[in-house]
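There are 2 protein chains.
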Amino acid sequence: MLTAVSLGPGDESLLTPAARKALERADVVAGYKGYIELVPPALLEGKEVVSTGMMGEVERAREAVERARSGKRTAMVCSGDAGIYAMAGLLLEILEAEGLLDAVPFTMIPGVAAFNAAAALLGAPLMHDFASISLSDLLTPWEVIEKRLRLAAQADFVIAIYNPRSKKRSDHLDKALAVIGESREPSTPVGVVGRAYREGQDVRLTTLDKVDVEGVDMQTVLIVGNSATRAAGKRMLTPRGYHRKYAIGDKGGE
Amino acid sequence: MLTAVSLGPGDESLLTPAARKALERADVVAGYKGYIELVPPALLEGKEVVSTGMMGEVERAREAVERARSGKRTAMVCSGDAGIYAMAGLLLEILEAEGLLDAVPFTMIPGVAAFNAAAALLGAPLMHDFASISLSDLLTPWEVIEKRLRLAAQADFVIAIYNPRSKKRSDHLDKALAVIGESREPSTPVGVVGRAYREGQDVRLTTLDKVDVEGVDMQTVLIVGNSATRAAGKRMLTPRGYHRKYAIGDKGGE
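Sequence lines, in order, name chains H and U. The UniProt record's numbering numbers the first residue of the first sequence as 1 and each following residue consecutively. The UniProt record's numbering numbers the first residue of the second sequence as 1 and each following residue consecutively.
Don't take each hint at face value.
Put simply, identical chains are the same to the list, so a pair is met inside one copy or across any two.
Taking lysine to aspartate or glutamate and the DMTMM-like style, the derived pairs with C-alpha atoms no more than 25 Å apart in a straight line are [said to hold, decoys possible]:
| # | residue 1 | residue 2 |
| --- | --- | --- |
| 1 | 47 | 146 |
| 2 | 234 | 96 |
| 3 | 21 | 214 |
| 4 | 210 | 27 |
| 5 | 234 | 63 |
| 6 | 21 | 137 |
| 7 | 147 | 96 |
| 8 | 147 | 217 |
| 9 | 210 | 11 |
| 10 | 21 | 11 |
| 11 | 21 | 202 |
| 12 | 175 | 202 |
| 13 | 72 | 98 |
| 14 | 147 | 185 |
| 15 | 234 | 102 |
| 16 | 234 | 93 |
| 17 | 147 | 11 |
| 18 | 33 | 174 |
| 19 | 147 | 182 |
| 20 | 234 | 98 |
| 21 | 210 | 37 |
| 22 | 72 | 199 |
| 23 | 234 | 48 |
| 24 | 33 | 45 |
| 25 | 234 | 66 |
These aren't lab readings, by the way, just hints derived from the structure by calculation. These numbers come from a predicted model, not from an experiment.
When you get a sec, could you build the whole thing from the sequences and use the hints?
Structural data, given as structure tokens:
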């Protein structure tokens with residue numbers, strides 16, 4: 001039995017009962033070191049933990065599949081939602097490649113994703129259509145990423161940016177913000193959230209022309225507003241309707 | 001004190017401890033009737049419940065703000081994530097319009113959104129960049145929705161579709177799928193999930209040219225794959241990399 005377990009942002013208050021139960025029942029807990037650290041220690045007691053800094057994620061996923069194949073209840077943990085830019089897909093790919101899709105029962109437990117968490121801390125930026133784009137070009141050509149940024153900006157999506165900046169790719173965020181700026185005002189609100197619901201949490205509301213790129217790392221999520229997004233006090237607010245098609249006095253539909 | 005509380009898809013196993021605690025502490029629980037029904041009954045005992053089928057959502061939000069202003073601990077509940085197409089924004093708008101942003105402490109508790117839930121039941125469709133689009137034209141002109149669909153398809157986003165079809169708007173989903181089909185193959189996998197993690201849950205994997213539009217209602221979420229999405233057994237799988245830039249044997253980055 002193999003379960004992809006979403007840990008949520010990291011605070012226990014956002015760990016779902018379903019995720020907790022899956023961890024309680026597991027014989028083996030697998031995951032990237034940084035994610036294992038987010039698991040409440042009591043839930044790891046007496047369990048085999050598969051996690052080394054040396055192993056790549058494909059190798060770790062293979063190990064997890066192998067444990068599950070041998071009959072162990074195996075939980076692969078991910079921060080945020082295991083179904084968003086995370087391990088659920090890789091586990092399925094490996095199960096498929098090894099002909100184990102029918103032999104190994106696979107379950108996915110959804111969770112509070114990183115951009116849900118970031119949005120909650122910022123206010124209400126995701127009240128309207130949005131796109132989520134990762135700036136990591138490890139597995140995706142930069143031209144594809146840039147095209148998506150450009151079209152998402154033209155479509156007036158609120159844009160959540162994952163993996164904004166690493167040491168190797170220090171200029172990606174600058175480039176991405178410039179592409180978005182081709183079709184969005186410099187005054188567009190941008191929320192910058194580091195380590196949401198973890199120690200060192202950092203929540204900032206700024207504008208497209210003033211993002212402190214140096215202060216951003218891989219654990220940061222950015223949310224760029226659409227053309228109607230504004231600041232409401234210290235909060236980031238995307239109105240539900242498009243360009244104030246409704247008035248606050250109106251009775252909206254359900 | 002005003003709290004926007006995300007209930008998640010509806011099953012208690014996906015209600016976060018933070019949401020439960022906020023409900024336990026509340027004096028008043030406000031929300032659309034259908035959402036109040038998702039709150040575990042024990043958490044409503046002894047509380048004022050603000051919910052009538054007659055009231056529009058703006059009016060209900062005003063009532064909640066009024067209760068909070070008068071000193072009551074008020075929880076506004078939403079299914080899924082209260083920060084995604086939901087009430088968090090409307091509460092902020094009303095607080096702002098009434099000059100209460102500083103006077104009434106406002107907190108938002110993130111949750112498992114409808115498309116996170118749908119994705120988990122389908123397999124792993126959201127492993128790569130995606131867009132979320134609501135087909136409701138109550139507050140957004142249809143031309144804007146159609147433009148977003150077209151650009152999202154061109155950008156090769158996985159596309160989550162909210163509010164796909166109501167009695168009044170029975171042709172929206174047909175139109176939307178046709179627009180997406182302008183730049184995506186008829187064989188593109190589409191996941192159709194009704195009532196995720198609730199009674200009557202219905203999970204189907206089909207293709208862009210074969211979606212059973214008649215079987216879709218407002219409680220359904222659709223996830224349309226990108227150009228690399230495929231079926232893995234009965235599951236929907238979007239590979240992490242773009243067009244197999246990587247091999248399963250590779251060591252991926254973290």
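Status of the hints after comparison with the structure:
no.: 1; hint: 47 x 146; result: neither (43 Å within a copy, 51 Å between copies)
no.: 2; hint: 234 x 96; result: between (48 Å within a copy, 11 Å between copies)
no.: 3; hint: 21 x 214; result: neither (40 Å within a copy, 37 Å between copies)
no.: 4; hint: 210 x 27; result: neither (48 Å within a copy, 41 Å between copies)
no.: 5; hint: 234 x 63; result: between (46 Å within a copy, 23 Å between copies)
no.: 6; hint: 21 x 137; result: neither (35 Å within a copy, 40 Å between copies)
no.: 7; hint: 147 x 96; result: neither (31 Å within a copy, 36 Å between copies)
no.: 8; hint: 147 x 217; result: within (23 Å within a copy, 33 Å between copies)
no.: 9; hint: 210 x 11; result: neither (30 Å within a copy, 42 Å between copies)
no.: 10; hint: 21 x 11; result: both (16 Å within a copy, 14 Å between copies)
no.: 11; hint: 21 x 202; result: between (30 Å within a copy, 24 Å between copies)
no.: 12; hint: 175 x 202; result: within (23 Å within a copy, 42 Å between copies)
no.: 13; hint: 72 x 98; result: within (17 Å within a copy, 57 Å between copies)
no.: 14; hint: 147 x 185; result: both (19 Å within a copy, 20 Å between copies)
no.: 15; hint: 234 x 102; result: between (51 Å within a copy, 10 Å between copies)
no.: 16; hint: 234 x 93; result: between (43 Å within a copy, 13 Å between copies)
no.: 17; hint: 147 x 11; result: neither (35 Å within a copy, 38 Å between copies)
no.: 18; hint: 33 x 174; result: neither (29 Å within a copy, 46 Å between copies)
no.: 19; hint: 147 x 182; result: both (12 Å within a copy, 18 Å between copies)
no.: 20; hint: 234 x 98; result: between (51 Å within a copy, 16 Å between copies)
no.: 21; hint: 210 x 37; result: neither (34 Å within a copy, 44 Å between copies)
no.: 22; hint: 72 x 199; result: neither (33 Å within a copy, 30 Å between copies)
no.: 23; hint: 234 x 48; result: neither (45 Å within a copy, 30 Å between copies)
no.: 24; hint: 33 x 45; result: within (16 Å within a copy, 42 Å between copies)
no.: 25; hint: 234 x 66; result: between (49 Å within a copy, 21 Å between copies)
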